[in-house]
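Chemist: The listed protein sequences correspond, in order, to chains R and Y. Okay, so the first sequence: first residue is 1 according to the numbering used here, each after it adds one. Okay, so the second sequence: first residue is 1 according to the numbering used here, each after it adds one.
In short, the hints are calculated from the structure, not lab data. Hints should not be assumed to be uniformly reliable.
Which copy is meant is left open, so a pair is good if it fits within one copy or across any two.
Claimed, not checked - Each computed SDA-like pair below joins lysine to any residue, with the alpha-carbon atoms no more than 20 Å apart:
| id | residue 1 | residue 2 |
| --- | --- | --- |
| 1 | LYS24 | GLU121 |
| 2 | LYS24 | PRO140 |
| 3 | LYS24 | PRO123 |
| 4 | LYS24 | GLY172 |
Number of protein chains: 2
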Amino acid sequence: MLSLRTMGSFHVGGRGLVVTGQPKRRITYSKAFADVEYDPNGHYWIEQAYVQYFIPSRLRVPTPLLLVHGGGLTGSVWETTPDGRDGWLPYFLRAGIATYVIDMPERGRAGFCAHEGIWPEAPIVRSEEEAWRLYRFGAPEGFATRTGFPGLQFPLEAATAFARTAVPRWPGNGPMMLAGLEAAVQRIGPCILLGHSQGGGFAMAATIAFPDLVRGCVLVEPHGVPAPEEIARPEPRGCLLVMGDYIERAAEWPPLDAKARAALAGWAEAGGQAEIIELPKQGIFGNSHMPMMDRNSDQVAELILRWLDREHAAGRL
Amino acid sequence: MLSLRTMGSFHVGGRGLVVTGQPKRRITYSKAFADVEYDPNGHYWIEQAYVQYFIPSRLRVPTPLLLVHGGGLTGSVWETTPDGRDGWLPYFLRAGIATYVIDMPERGRAGFCAHEGIWPEAPIVRSEEEAWRLYRFGAPEGFATRTGFPGLQFPLEAATAFARTAVPRWPGNGPMMLAGLEAAVQRIGPCILLGHSQGGGFAMAATIAFPDLVRGCVLVEPHGVPAPEEIARPEPRGCLLVMGDYIERAAEWPPLDAKARAALAGWAEAGGQAEIIELPKQGIFGNSHMPMMDRNSDQVAELILRWLDREHAAGRL
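Okay, chain R solo, but in the shape it has when bound:
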């Protein structure tokens, strides 16, 4: 049973766009609405973010959590696991955490800009093969038979359900996405950011940009984190880094792991509270790049929940 005080959503940020001088064309919406003139000229809004939120009736900590998905994915990653268990969103809600979920600009319900020439590059999509490698499900040669790393916690039997969650992305849109996240933080007010993968890099950048608003920062397998020299931190906020298993077995991951550790070191150097959870060092093995979907997703969420409790007890939230 989950008792909510309220729930809702909003779109935030972005900019107005006026399209002029484009030719009209004839299109068909449906049988009942055929051969209609489509005029692409006019007023539009682009680059906004979408945020859905749920506020439990009784709060465990006073500060809400904003979950920031990774690249090529949307906020749906927090809701469920490919094999149909509860995701981290219901987990945190049941624990009494007010939780906001963002769809970053260009993803999911935030929408994307379909006008040509506004975003310079073409969209890309992550293939199942690339996901297999980058998400550390297994060695490349294991893809054809879906044979993962020994002891893998990711539910490979539900690989198709997971493949359905991927969405296109535009590689050059980082600054615009960060602006969308920052607009969401300004709208929400004081909050804690939990960012996964690309969302971890954005979460740390937004934490640095809004030290008065962002009261804590959880980086789950981040990439794109700020370099140590970019980290300035006037408030002694906490930052938690969570890393999974098999880092040494995927070529891309040792340098990303090193960059994440360097960022945490820079955080501590700047006066912040830094904590690193390497799951295998705590005797928790088999986690992929998607710990919110791994079989032990609740166990990893509980480690984050305990950190939130400690940060609350220390008066930092």
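Please arrange chain Y on chain R, whose structure you already have, making use of the hints.
Modeler: Frame of chain R; chain Y shown alone:
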């Protein structure tokens, strides 16, 4: 206070796609992950739908409701209004209705196909000018000053918040979207469909396709409804049509209104229970094409809730 037994989401339907023979290129994800080789070849999943659901602890009727958004929009239209009031999703949940919300294929968290040549046409977007006209906010000449029809219930002061909810669409994707809705219905099981605008046409088509699963059908300002001769209905299910105000003042709407009425007549002819609510005839004035966002959105939702109660009492759900 809202008490939920459970909440979650799933992606459903669609098809596998294998891309071969495409050139690789160099892309930059972020400062920390620059000049990476992007290989578009591989396995993908496309044309799936996304469904989010919320099950209240105490149910008013035994059958869940599936909300189907209209064209150029996503499931977010049900969550809130542009001026920040509760949308129909929280309204129905508070009333004790188990509610599912779909993002149709190519929209929102369902994602879209970014591979060239798979979908034949280019995406289109609805300008604020076109929305103004088709959604019956006001006469075309009122757009520049945002002067709506006299007595309009749509909150025009929040027009920018509404503009942020629009997403691109592909005009020729109707059959694929209907397949996604049907996959959702098969996954959910017995349910009631409530479709808005383009979603109303799909809702009626899915109701005809799955007479054993779809126990009732609410069409809110539909377009793309089946022609009367396409309507076969072995079960005496109920179908409710809800139409707003200003139908005669927007050139596109009188023929769409006539087609919706013809569909309801066909429904009754085929042995179904048909009911039409013309809001102005009930003394409810000023509703646009977006009654779930109009100032009296709760009042319109209550009419639908009473219809659900009557259908339940009649044993048809």
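Chemist: For each hint, tell me whether it holds in the structure or not.
Modeler: Evaluated hints:
For the homomeric pair LYS24 and GLU121, the shortest alpha-carbon distance between copies (14 Å) is at most 20 Å, but the shortest distance inside one copy (24 Å) is not. Only between protomers do LYS24 and PRO140 lie at most 20 Å apart by alpha-carbon distance; the minimum there is 18 Å, versus 47 Å within a single protomer. For the identical chains of this complex, LYS24 and PRO123 are inter-copy neighbours only, at 14 Å across copies versus 24 Å inside a copy, given an alpha-carbon limit of 20 Å. Only between protomers do LYS24 and GLY172 lie at most 20 Å apart by alpha-carbon distance; the minimum there is 17 Å, versus 29 Å within a single protomer.
In this structure, none of the earlier numbered hints is contradicted; all agree with it.
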